[in-house]
Amino acid sequence: MKLTIASAHRYPDLARLWYRTVARDVAPAFRRAGADVSVVLFRDADPQSFPRAWFEGALLEAPSRACRDFIEFYDAVLPAGGDFVLFVDADVFLFDGAWAASHLALFADPALAAVSLLSRTDQPGVFALLARAAAYRTLPAPVLAPCYEGLADWPNAVNRQPGDRAAIALRAAGWRIAETSARDATPHVADFHATTAIRATKERLGPLLGGRFDALVAEKLYLSMGAYDNLLLGCLYRAVFGEPFAAGPDGVPLSGSATAAALRSAFAGIPSGEALSRLVGVLRRSRRALGRLAAHEGVRVDVPRVVPAGRAAAVRLEDAARRLLHRRREASGSA
Amino acid sequence: MPPRDDRPAPRVLASGEIHQKERFGADTVNRGAVLLECTWDGGTFESGMMLGGLFRSGTFVGGVFWGGVWLGGTWAGGTWEHGFGPDGRYRPRTAHP
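Same order as they appear, the protein sequences are chains V and Z.
Position one of the first sequence corresponds to residue 1 (our numbering), numbered consecutively onward.
Position one of the second sequence corresponds to residue 336 (our numbering), numbered consecutively onward.
Simulated from the structure, these hints should not be mistaken for lab results.
There may be inaccurate statements among the hints.
[To be verified] Label pairs and their in silico Cβ distance ranges:
1) Z/P343 x V/G333: 54 to 62 angstroms
2) Z/D362 x V/R311: 41 to 49 angstroms
3) V/A141 x Z/T414: 19 to 27 angstroms
4) V/A80 x Z/T414: 23 to 31 angstroms
5) V/D319 x Z/P432: 31 to 39 angstroms
[As the list claims (entries may be wrong)] Per the computed footprint, the stretches of chain V lying under chain Z, defined by three or more beta-carbons under 8 angstroms from a beta-carbon of chain Z, are:
6) 68-80
7) 138-146
8) 201-210
Cβ atoms here follow ideal geometry from the backbone N, Cα and C, with glycine treated the same way.
Generate the whole structure from the sequences, applying the supplied hints.
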């Protein structure tokens, strides 16, 4: 049984952290489960910046005429990937390899096309997808590409994310896709969000916007999440490798994303209320993810505060009051 | 006497500007602004970035097109990071219209 672990990376430092878990925890666990495992890493930009020594044992791919970006890479892996492909996002850490590999047994069901080890939306996506390659190969190319449906109805068109269209088509054809609930996955996975997106956005927008970029980070939740998650991963990276993470062209750690000082200043401008409450909740979730990963690495990580303790406490209090009010309204409505 | 041009001067979007969810018509030229989830309908995109959004018509001469939908218009140059065609299909890096 051949299995390929496939992932696309734009930044070598994140890839280094990701590969550490894969090489140490994930690939050996699948080998113990009987798979002949290979790891393929697609270097989506600046392939020369990925030191080979960091990725011993992995096959390093780069953009080519046949495989122009990471989306095309996903499809390129399917014909060559053997019996199974485990797609894993650049900022998803399956640190409990035995748990991940235990899902192979589910494929005794011949109708099972895939198991999603991490679901974020109503579709399984490709964040951490263990796929039966033969099932996905029955679909017309491009298999895993995103798309828009109903463009005539803009702005209400539907944007299907990578893997969504394939999942819908496979289920319509009678295949089954199993999805692990967040509750079941959480103890075994540390997942971070938009960490590559914010760095790529900063690369492009930073020179055009200058200091205004940080204000945009505070305004857009997905950029806030990405920036904060990079801050967390940067702390872990320093604890594990003793080196800076996500440095920009100026060489300052995290300036390729957002430094702790920039985040503090940007978040200070968010007025109290729902936006801040949502942000604080997201940051808490990310800190817990980092806690699990750091515990697995056996390192202690100190994370700088980016929302003042008083404001975070006020948000928790407001949330509690809102929930209480909501419960009282529900109770009086049903009385 | 040369004939007088009564056409209004084009609206120029400049570097350092950021626009979100706005619509720009044929009287607009982009020279360095960042457009987030905007609709471009008829003007000339000389430089800057179109991040998400909809390119309905006009000419893309330079700048970066990233993650938006290309419904129509003329591609004369620039960087196609990735996006979607009028049929909704994904068009990867460099696969500009």
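Hint by hint, here is what the structure shows:
no.	hint	result
1	Z/P343 x V/G333: 54 to 62 angstroms	holds (57 angstroms)
2	Z/D362 x V/R311: 41 to 49 angstroms	holds (44 angstroms)
3	V/A141 x Z/T414: 19 to 27 angstroms	holds (25 angstroms)
4	V/A80 x Z/T414: 23 to 31 angstroms	holds (29 angstroms)
5	V/D319 x Z/P432: 31 to 39 angstroms	violated (47 angstroms)
6	68-80	holds (count 4)
7	138-146	holds (count 3)
8	201-210	holds (count 6)
The structure fails to meet hint 5 from the earlier list, while all remaining hints are met.
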